[in-house]
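Asks: Chain by chain, the residues run as shown.
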Amino acid sequence: MLATRVFSLVGKRAISTSVCVRAHESVVKSEDFTLPAYVDRRDYPLPDVAHVKHLSASQKALKEKEKASWSSLSMDEKVELYRIKFKESFAEMNRRSNEWKTVVGTAMFFFGITALIVMWEKRYVYGPLPQTFDKEWVAMQTKRMLDMKVNPIQGLASKWDYEKNEWKK
Amino acid sequence: MAPEVLPKPQMRGLLARRLRFHMVTAFVLSLGVAALYKVGVADKRKKAYADFYRNYDAMKDFEEMRKAGIFQSVK
Numbered sequence: 113m114l115a116t117r118v119f120s121l122v123g124k125r126a127i128s129t130s131v132c133v134r135a136h137e138s139v140v141k142s143e144d145f146t147l148p149a150y151v152d153r154r155d156y157p158l159p160d161v162a163h164v165k166h167l168s169a170s171q172k173a174l175k176e177k178e179k180a181s182w183s184s185l186s187m188d189e190k191v192e193l194y195r196i197k198f199k200e201s202f203a204e205m206n207r208r209s210n211e212w213k214t215v216v217g218t219a220m221f222f223f224g225i226t227a228l229i230v231m232w233e234k235r236y237v238y239g240p241l242p243q244t245f246d247k248e249w250v251a252m253q254t255k256r257m258l259d260m261k262v263n264p265i266q267g268l269a270s271k272w273d274y275e276k277n278e279w280k281k
Numbered sequence: 467m468a469p470e471v472l473p474k475p476q477m478r479g480l481l482a483r484r485l486r487f488h489m490v491t492a493f494v495l496s497l498g499v500a501a502l503y504k505v506g507v508a509d510k511r512k513k514a515y516a517d518f519y520r521n522y523d524a525m526k527d528f529e530e531m532r533k534a535g536i537f538q539s540v541k
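Taken in sequence, the protein lines are chains L and W.
Note that this note's numbering gives residue 183 to position 71 of the first sequence, counting from 1, and the numbers run on in steps of one.
Note that this note's numbering gives residue 484 to position 18 of the second sequence, counting from 1, and the numbers run on in steps of one.
In short, the hints are calculated from the structure, not lab data.
Ideal Cβ positions, reconstructed from N, Cα and C, are used throughout, including at glycine.
Worth double-checking, as some hints may not be accurate.
Under the rule of at most 25 Å between Cα atoms (straight-line distance), these lysine-lysine pairs were calculated in the PhoX-like manner [claimed, not checked]:
id	chain 1	residue 1	chain 2	residue 2
1	W	Lys474	L	Lys199
2	W	Lys510	L	Lys280
3	W	Lys474	L	Lys280
4	W	Lys474	L	Lys281
5	W	Lys474	L	Lys261
6	L	Lys271	W	Lys474
7	L	Lys213	L	Lys255
8	L	Lys276	W	Lys533
Some chain W residues judged to face chain L by a derived CB distance under 8 Å, without partners named [stated by the list, open to error]:
id	residue
9	Ala500
10	Leu502
11	Tyr503
12	Ala508
13	Arg511
14	Phe518
15	Asp523
16	Ile536
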């Protein structure tokens, strides 16, 4: 409950900038940010206000007809009433999109740019690696670790065959 | 709207269904992961240690290391 209230506050800020003009609705003149706002949210199914604020004459007539028995309403009138109250149906608001492709693509693009920057950095900024990274040094280092029997049970020395003097297959 | 009637959707017990699914899945996955860990990691490690130390000769091991020349205190 509390979370929904917080969400509707967030939703107000998030959607109040989008002004929707449709053929059969009235234009929103100025958005008072202190007023309750309409939100299309899965977790807030009944928004604080109806979608259409200013009804046309025909819509006003329809709202009057709504006060009578609903069985007298035609299907189109029911849909019109729905569209007065709500902007998008659940199916519409939950529709999937291809946005993820854009997001993933952009992320990979910037990852690539970062890679180029790092390559330039390695070439022009960094100094040489310490001698402890040379192949010969690492070989001597590994030999010494095997002589010391480092981690002989499950680690390095356990992978070395001391009889045949080679790595275990 | 065309007069085709959609089947009535599930109206009740939605949370209960979701809860049941996730509780069962959570149980199965946790027990599965725990069992796999026990067998693949814990038991395997215990066996490796047991096998290593079953016929372990510390003095022989020491002699090998000494001959390899890694000690400073004894050559």
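Asks: Does the closest beta carbon of chain L sit nearer than 8 Å to the beta carbon of isoleucine 536/W?
Replies: Holds: closest Cβ of chain L sits about 5 Å from isoleucine 536/W, inside 8 Å.
Asks: For a C-alpha distance cap of 25 Å, please report whether lysine 474/W and lysine 199/L respect it.
Replies: Holds: lysine 474/W and lysine 199/L sit about 23 Å apart, inside 25 Å.
Asks: Straight-line Cα separation of lysine 276/L and lysine 533/W no greater than 25 Å?
Replies: With Cα atoms ~17 Å apart, lysine 276/L and lysine 533/W stay inside 25 Å; holds.
Asks: Given a cut of 8 Å on the nearest C-beta pair, is the interface hint for phenylalanine 518/W held or broken against chain L?
Replies: 5 Å, holds
Asks: Go through the hint on tyrosine 503/W and say holds or violated, using the shortest Cβ distance to chain L against 8 Å.
Replies: Violated, because the Cβ-Cβ distance from tyrosine 503/W to chain L comes to roughly 15 Å (cut-off 8 Å).
Asks: Check the hint pairing lysine 271/L with lysine 474/W against an upper bound of 25 Å on the C-alpha distance.
Replies: Not satisfied, since the Cα-Cα distance of roughly 64 Å exceeds 25 Å.
Asks: CA of lysine 474/W to CA of lysine 280/L, is that 25 Å or under?
Replies: 65 Å, violated
Asks: Against the 25 Å threshold, does the CA-CA distance of lysine 474/W and lysine 261/L hold or violate the hint?
Replies: Violated, at roughly 71 Å.
Asks: Does lysine 510/W pair with lysine 280/L here, judged by a C-alpha cut-off of 25 Å?
Replies: Within the cut-off at roughly 18 Å; holds.
Asks: Regarding the hint that aspartate 523/W lies at the interface with chain L, is the smallest CB-CB distance below 8 Å?
Replies: 13 Å, violated
Asks: Given alanine 500/W was flagged as interface, is its beta-carbon under 8 Å from a beta-carbon of chain L?
Replies: 21 Å, violated
Asks: Let me know if the C-beta of arginine 511/W comes in closer than 8 Å to any C-beta of chain L, holds or violated.
Replies: 7 Å, holds
Of the numbered hints given earlier, the model fails hints 3, 4, 5, 6, 7, 9, 10, 11, 12, 15; all others are met.
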